[in-house]
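J.: So the protein sequences, as listed, match chains A and B.
Counting along the first sequence from 1, when you hit position 54 you're at 54 in this note's numbering, and nothing is skipped either side.
Counting along the second sequence from 1, when you hit position 808 you're at 808 in this note's numbering, and nothing is skipped either side.
Read the hints as simulated data drawn from the structure, not as lab findings.
All of these numbers come straight from a predicted model, not from anything done at the bench.
Backbone N, C-alpha and C fix where the C-beta goes; we use that ideal spot for every residue, glycine too.
Warning: the hint list may mix true and false statements.
Listed below are several chain A residues computed to face chain B (Cβ distance under 10 Å; list not exhaustive) [claimed, not checked]:
hint, residue
1, L30
2, T50
3, D59
4, A63
5, W67
6, E80
7, P100
8, G116
9, L137
What follows is each chain in one-letter form.
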Amino acid sequence: MTEPVLAVEGLSHWVDAPGGRLTLLREVELSIRAGETMALLGPSGAGKSTLLALLAGLDRPRAGRVWVVGRELTALDEDERARLRGETMGFVFQSFQLIPTLTALENVMLPLEVIGRTGAGDTARAVLERVGLGARLNHYPAQLSGGEQQRVAIARAFAPRPRLLLADEPTGNLDRVNGERVMDQLFALNAEAGTTLVLVTHDPVLAARCQRRLRLEDGRLEAA
Amino acid sequence: MIRLAWLLLRREWHAGALGLIALASVIGVAAVTAVALVGDRVARGLEAQAAALLGADRVLESDRPLSVAFQDAARDAGLEFARAVDFPSMVLAGGRAHLAWIQAVDEAYPLRGTVRVAQTVADEGTARAHGPPPGSVWLEPRLALALGVSVGEQVQVGRSTLRVDGFARLQPLGGALAGGVAPRLLMSLGDLPATGLVTPASRVTHRLLVAGPPAAVAAVTRRWQADLEPGMQILGPRNAGPALTTALDRGTRFLALAALAAVLLGGLAMALAARRYAEEHRRQAALLRCFGAARAQVAGVFTLQLLLFGLVAGVLGLLLGWGVQALLLRLLDALLGMHLPLPGAAPWLLGLGMGLLGLAAFALPPLWALGRVPVTTVLRPVPVRPRGRWLGLFAALAGAVLGAWALLAGWGPLALAGLAGVALALAGATRLLLYLLGRLPARGVWRVGLAGITRRPGITVVQVSGLALGLLAVLTLAWLRGDLLAQWARSLPPDAPDHFFLNLTPEQRVPLSDDLRALGVSAPTFHPMIRGRPVAVNGEPLRAEGGGGRAAHLRRREANLTYLEHLPEDNRIVSGAWSPTVPGWSLEAGYARVLGATVGDALTFDIAGEPVTAPVTSLREVAWETLRPNFFVIASPALLERFPSTWMGAARLTPEARRALPELVRRYPNLTVIDVSALLTQVRAVMDRVGQAVQLVFTLTLGAALVVMAAAWRFHRQQRRRDQALLRVLGAQDAALRRGLWREVGVVGTLAGGLALTAGLALDGWVRTALGLAQTGPWWGWPLGAAAGGLVVALAGWSFARGDLARRPWRDLTGE
Numbered sequence: 001m002t003e004p005v006l007a008v009e010g011l012s013h014w015v016d017a018p019g020g021r022l023t024l025l026r027e028v029e030l031s032i033r034a035g036e037t038m039a040l041l042g043p044s045g046a047g048k049s050t051l052l053a054l055l056a057g058l059d060r061p062r063a064g065r066v067w068v069v070g071r072e073l074t075a076l077d078e079d080e081r082a083r084l085r086g087e088t089m090g091f092v093f094q095s096f097q098l099i100p101t102l103t104a105l106e107n108v109m110l111p112l113e114v115i116g117r118t119g120a121g122d123t124a125r126a127v128l129e130r131v132g133l134g135a136r137l138n139h140y141p142a143q144l145s146g147g148e149q150q151r152v153a154i155a156r157a158f159a160p161r162p163r164l165l166l167a168d169e170p171t172g173n174l175d176r177v178n179g180e181r182v183m184d185q186l187f188a189l190n191a192e193a194g195t196t197l198v199l200v201t202h203d204p205v206l207a208a209r210c211q212r213r214l215r216l217e218d219g220r221l222e223a224a
Numbered sequence: 001m002i003r004l005a006w007l008l009l010r011r012e013w014h015a016g017a018l019g020l021i022a023l024a025s026v027i028g029v030a031a032v033t034a035v036a037l038v039g040d041r042v043a044r045g046l047e048a049q050a051a052a053l054l055g056a057d058r059v060l061e062s063d064r065p066l067s068v069a070f071q072d073a074a075r076d077a078g079l080e081f082a083r084a085v086d087f088p089s090m091v092l093a094g095g096r097a098h099l100a101w102i103q104a105v106d107e108a109y110p111l112r113g114t115v116r117v118a119q120t121v122a123d124e125g126t127a128r129a130h131g132p133p134p135g136s137v138w139l140e141p142r143l144a145l146a147l148g149v150s151v152g153e154q155v156q157v158g159r160s161t162l163r164v165d166g167f168a169r170l171q172p173l174g175g176a177l178a179g180g181v182a183p184r185l186l187m188s189l190g191d192l193p194a195t196g197l198v199t200p201a202s203r204v205t206h207r208l209l210v211a212g213p214p215a216a217v218a219a220v221t222r223r224w225q226a227d228l229e230p231g232m233q234i235l236g237p238r239n240a241g242p243a244l245t246t247a248l249d250r251g252t253r254f255l256a257l258a259a260l261a262a263v264l265l266g267g268l269a270m271a272l273a274a275r276r277y278a279e280e281h282r283r284q285a286a287l288l289r290c291f292g293a294a295r296a297q298v299a300g301v302f303t304l305q306l307l308l309f310g311l312v313a314g315v316l317g318l319l320l321g322w323g324v325q326a327l328l329l330r331l332l333d334a335l336l337g338m339h340l341p342l343p344g345a346a347p348w349l350l351g352l353g354m355g356l357l358g359l360a361a362f363a364l365p366p367l368w369a370l371g372r373v374p375v376t377t378v379l380r381p382v383p384v385r386p387r388g389r390w391l392g393l394f395a396a397l398a399g400a401v402l403g404a405w406a407l408l409a410g411w412g413p414l415a416l417a418g419l420a421g422v423a424l425a426l427a428g429a430t431r432l433l434l435y436l437l438g439r440l441p442a443r444g445v446w447r448v449g450l451a452g453i454t455r456r457p458g459i460t461v462v463q464v465s466g467l468a469l470g471l472l473a474v475l476t477l478a479w480l481r482g483d484l485l486a487q488w489a490r491s492l493p494p495d496a497p498d499h500f501f502l503n504l505t506p507e508q509r510v511p512l513s514d515d516l517r518a519l520g521v522s523a524p525t526f527h528p529m530i531r532g533r534p535v536a537v538n539g540e541p542l543r544a545e546g547g548g549g550r551a552a553h554l555r556r557r558e559a560n561l562t563y564l565e566h567l568p569e570d571n572r573i574v575s576g577a578w579s580p581t582v583p584g585w586s587l588e589a590g591y592a593r594v595l596g597a598t599v600g601d602a603l604t605f606d607i608a609g610e611p612v613t614a615p616v617t618s619l620r621e622v623a624w625e626t627l628r629p630n631f632f633v634i635a636s637p638a639l640l641e642r643f644p645s646t647w648m649g650a651a652r653l654t655p656e657a658r659r660a661l662p663e664l665v666r667r668y669p670n671l672t673v674i675d676v677s678a679l680l681t682q683v684r685a686v687m688d689r690v691g692q693a694v695q696l697v698f699t700l701t702l703g704a705a706l707v708v709m710a711a712a713w714r715f716h717r718q719q720r721r722r723d724q725a726l727l728r729v730l731g732a733q734d735a736a737l738r739r740g741l742w743r744e745v746g747v748v749g750t751l752a753g754g755l756a757l758t759a760g761l762a763l764d765g766w767v768r769t770a771l772g773l774a775q776t777g778p779w780w781g782w783p784l785g786a787a788a789g790g791l792v793v794a795l796a797g798w799s800f801a802r803g804d805l806a807r808r809p810w811r812d813l814t815g816e
């Protein structure tokens, strides 16, 4: 059996609020195999985004451990987590998060340059062509439609060939038609690269396209 | 709407969103108010002092008896008035005779100030609020010395014998220098007829002195002006003590320039902060529109907010301005040695007005634009693209604000055009540098930082050129100020003459010079003086009328002409050329205007009944505040040498010579000595302190520059935070992010410092060439200053921006 790309053990998280402790995650256990696609469902405020941030090492959990490609993320310092993230993970956000002063091409080159990969320009150009934006390389985000911006974001996420892709409501800011087109491309790229996908969504139709569906309710993770 | 505006304002205030606009506004208002208050109070103090010197608020002067209508006008307006008559006459005592300037005054004299009357020549004396009692006289000490009389003894004035009641210590009248003033004798107007000195044919000056509330004085002055006849003129406080007035005027103009820089920088900071504020409030504006508010209502709410806010910040600025002004005056007060009256309403209104106008010009355009925010912003943030239009609007309004202040402060359109030119040149240079920087290869984190600088050119140009302008203002003030003030002080060198000797005969010149040298006085200077009345220009007789009292007075008055081989050092030829071998006149430019003569005109003077005609060969500017001997008319020697003349000497006396003065007066009985040492000390002290005062205002300029910096770095804070967070999510390590930020602030600091250096060197060179200033500081002064300035910009940028290095990247990205 292959080693899980992502494993979570006894993950709990809470914040100290004015009214007392607010528990966001309780004893979460999770394991995802390479190439597996998983949808994370749940109502607003259930802690989905918090879980995603902890899986990406962007925050430290109060309790529990997280492993990514066999390395214990929760035991690493901030810079080591950043390096691991840059080398193994890709991200797609609801509000695209493109840098407005960089062109589409430069936005896609950015993660490659941050981790010091060579040939960033060629790689980025190829991925952008793959998502149908070969003619938009030198456009700034503000010159692109919402759907196009999200396709740039997807290209950026796949350009470094990550082993794990974390997507947070990727269609939340798009209309249905555009949302579907963007998701088609995301799933297609995911299948080509054999990337492991964790997809946070409200949309049951979108969730249905994943191999596994989990629901986060009241901080607990259960099968949907 | 007011309630809503107030509610939102209170919330914003608590949220601190308005802090930078407030700070910029407060600093701008404070700078303007402080300088305006100083100007106003010093002007009022000077007026009071000058009025004390005049003995009145206004004096109507005439060479014929004044008709009662003038007096009635004063009485009708509720003014106090006094009458005086003055003329030169010989005074006798114990077989000695001396020319005196007799002033006969009525019981009401003086209306302003006091006369200090002493019982011995050396005594400081006590203040008297009236003239000498009937039957007695007060003598100026040097007259008493010349006559050898003391208190209780008698002097003969015309047919009357009057008792010496005391010695009047009067201050010198600056304007009287050129007229050849004899020492004064004060007597009662009631005693005048008995002296038999005044007949209808006598050359006497009749004076009507008035004092009262400023508005009434102004009204009476206007009525007098309408009825002014040839041979009359109105004297006001400005006619007294021009040297000190000039020094203070110059000082307040330096202060005003420092304040102008603070206003400009405050405005820039306001513009940046307001635009940021407007962008942060797009959603709120859209929400208000969503709730059914009309466009005008939304724009109205934010405008009202700004107005309320402007008033609050304005009041704070006024308070700070008052404090700064109090500090400035503490520096000036002691040495002015005069009571500074409380200011009028004008400086406060000016400060508040400038504050509100500044807000309107710099901060209103982006807030007004909130009325046009699309309602859909509520649903989906519409990316805001920098637009060129608001920059144009800002430039126009800002130009108006700065223009208003520059004109109020007495800086002409040229200075303002220069400032605008410098600002435009800085902006242009920034744009070019950004273009070049944009071509630099960059990767990763650095690419993001560089793109943030070069790809928002509009706002970066404002930021960088604003910072550069701030640095330039600060550095120029720091470097040039010293040399400018030094040059100004050089116009009053330590050996500037402090005593003038008038009425010397040509034969006395050499012996007096020898006597002075024997007393340790170095280089006394002597000039011949020949009285001449201007009579014709190009053969056309001069008319006495027209051009106001002073002009008419100057035209019909005899002038002191002199002849010289070389023009005095501090005279500057503005037109034509000077050669001692070419027969001709060199006129002071203002005097030439009064005569209506210019270079090439044939000008005729009546000298001792003989017309002397020669061409005007040059016009000069004269630095009157130097207190050196200066002349309206200088002739080439060939033209005047043959006429009989008296001589005027000028020297800086040693303490020994000062003590020997009474003996000198006895040895040369016809000599009139004028002591300007007190005035000289006062003027020099003003110059020294103005340097310190400018430094104080300059701290406000520096403060404004720092606020510009804060506003500039804050401008893209949200976006920078998001960029930093994204970079961290994408795997950038802490060191790389820090390095990127250092490079970013380094580039901005280098740009601002480099531009300030280039512009500063150009400005420095230009000012030095134009004013003939020597470079006194070391050559590395400017580069070091610019480097330090650039470093301060970068360090301040770092301290403002390092908080944006993402600590919680997920929260920064998702807003959770």
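J.: If a hint holds in the structure, say so; if it doesn't, say that too.
T.: Now for the hints, and whether the structure bears them out:
no., hint, verdict
1, L30, "violated, 18 Å"
2, T50, "holds, 8 Å"
3, D59, "holds, 6 Å"
4, A63, "violated, 19 Å"
5, W67, "violated, 18 Å"
6, E80, "holds, 9 Å"
7, P100, "holds, 7 Å"
8, G116, "holds, 8 Å"
9, L137, "violated, 15 Å"
The earlier numbered hints that this structure contradicts are 1, 4, 5 and 9.
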